[in-house]
Amino acid sequence: MLSVLAQAASSTPDITPGLTAIGRGIVYGGAAIGPGIGIGLVVGNAISSMSRQPESAGMVRTTMFLGIAFTEALALFGFVLAFIISG
Amino acid sequence: MNLAIDFPPISHAVEWPIIFGGDVLGVNKVVLLMWLSVIVVFAFFFVASRKQELIPAGVQNVAESTVDFIRNGIILQTMGEEGLFYTPFLLMMFSFIFVCNIWEVIPVAQMPVNARIALPMFMALLVYVMYHFVGIKGQGLGGYLKSSLVPPGVPKAILPLLVFIELITMLITKPLSLCVRLFANMFAGHLLLITFSIISATLFAIQWQIVILPFSAFLLIALTGFEVLVAFLQAFIFTILTAVYIGQSMHPEH
Chain A
1 MLSVLAQAAS STPDITPGLT AIGRGIVYGG AAIGPGIGIG LVVGNAISSM
51 SRQPESAGMV RTTMFLGIAF TEALALFGFV LAFIISG
Chain B
1001 MNLAIDFPPI SHAVEWPIIF GGDVLGVNKV VLLMWLSVIV VFAFFFVASR
1051 KQELIPAGVQ NVAESTVDFI RNGIILQTMG EEGLFYTPFL LMMFSFIFVC
1101 NIWEVIPVAQ MPVNARIALP MFMALLVYVM YHFVGIKGQG LGGYLKSSLV
1151 PPGVPKAILP LLVFIELITM LITKPLSLCV RLFANMFAGH LLLITFSIIS
1201 ATLFAIQWQI VILPFSAFLL IALTGFEVLV AFLQAFIFTI LTAVYIGQSM
1251 HPEH
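Residue numbers (the working numbering), protein chains in the order written: chain A, 1 to 87; chain B, 1001 to 1254.
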């Protein structure tokens, strides 16, 4: 038992790849929280305004896509950053 | 029974060997697909406009509805009447990006050109130069800087902070997000399709009946349809953002 422990202590494995993977997960997971909420708000409000005024649906849809695009950019920065991180 | 699944590293998924040419200007599959997209877009509009008929049919019909979509769906909504000058530019941009993206789901090709950052970066730079040029030409250098940097009706105390933020937005965030949005969406879609293909193929190799088990095959089919939607949506968003940026440079916000 003691010899096994001593052996485990003496051979230090390389933990960098594991830490890199954890870091990537945290970066992308964290970056996805805000845009997730934001896109939900944008689309939800767009739907409620479209149902209140169906004649303005075309304009609302265009603006909705713009809002989604701006909000989504943050999540995509996180996505790209997660790949840029290297061990 | 070995259930281990080998996912290739990212570099295997998007890097292609050079077919011919040197180290720097080498031509690989992505470049060939880009050239092919140019030819496809050109041929499509050439064929559509060669024999114009009053009642459009076939290719002419599709081409006319594309032009109509760019005109009524994008330009008139964002830039107004004066923006109609940019119809050819935005039409070509939309068609080219869409054809480049749609290679993602076409068998044999199966590689979106925009999953490498070179093409989105170049197009974002083109738009970047263009909206500054339009702004300086239309309003003069001072007027352009004033209308884009100084938001009206802001208290003097926080004005420097806002000018700084607007400067960062104008110079860095706009082109960067334009480029990264297109690139990352296509890249993520490509990786998603690869992941589900590999899962399906592994299950199929173990025993062909269980390929339906965790719905990976169904999800692969559904995601292929979803990626067609994403390819269209990203081309649309890139074009509409270009229109919005050029429109903002043309007439200042009040």
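What the hints contain is simulated information worked out from the structure, not anything from laboratory work. Be careful, since some hints might not be right.
[Claimed, not checked] If the Cβ cut is set under 8 Å, some of the chain B residues that face chain A in the computed set are:
| no. | residue |
| --- | --- |
| 1 | Gln1077 |
| 2 | Met1079 |
| 3 | Ile1237 |
Where a beta carbon is used, it is the ideal one built from N, C-alpha and C, also for glycine.
Are any of the numbered hints broken by this structure? If so, which, sorted upward?
Violated: hint 2 alone.
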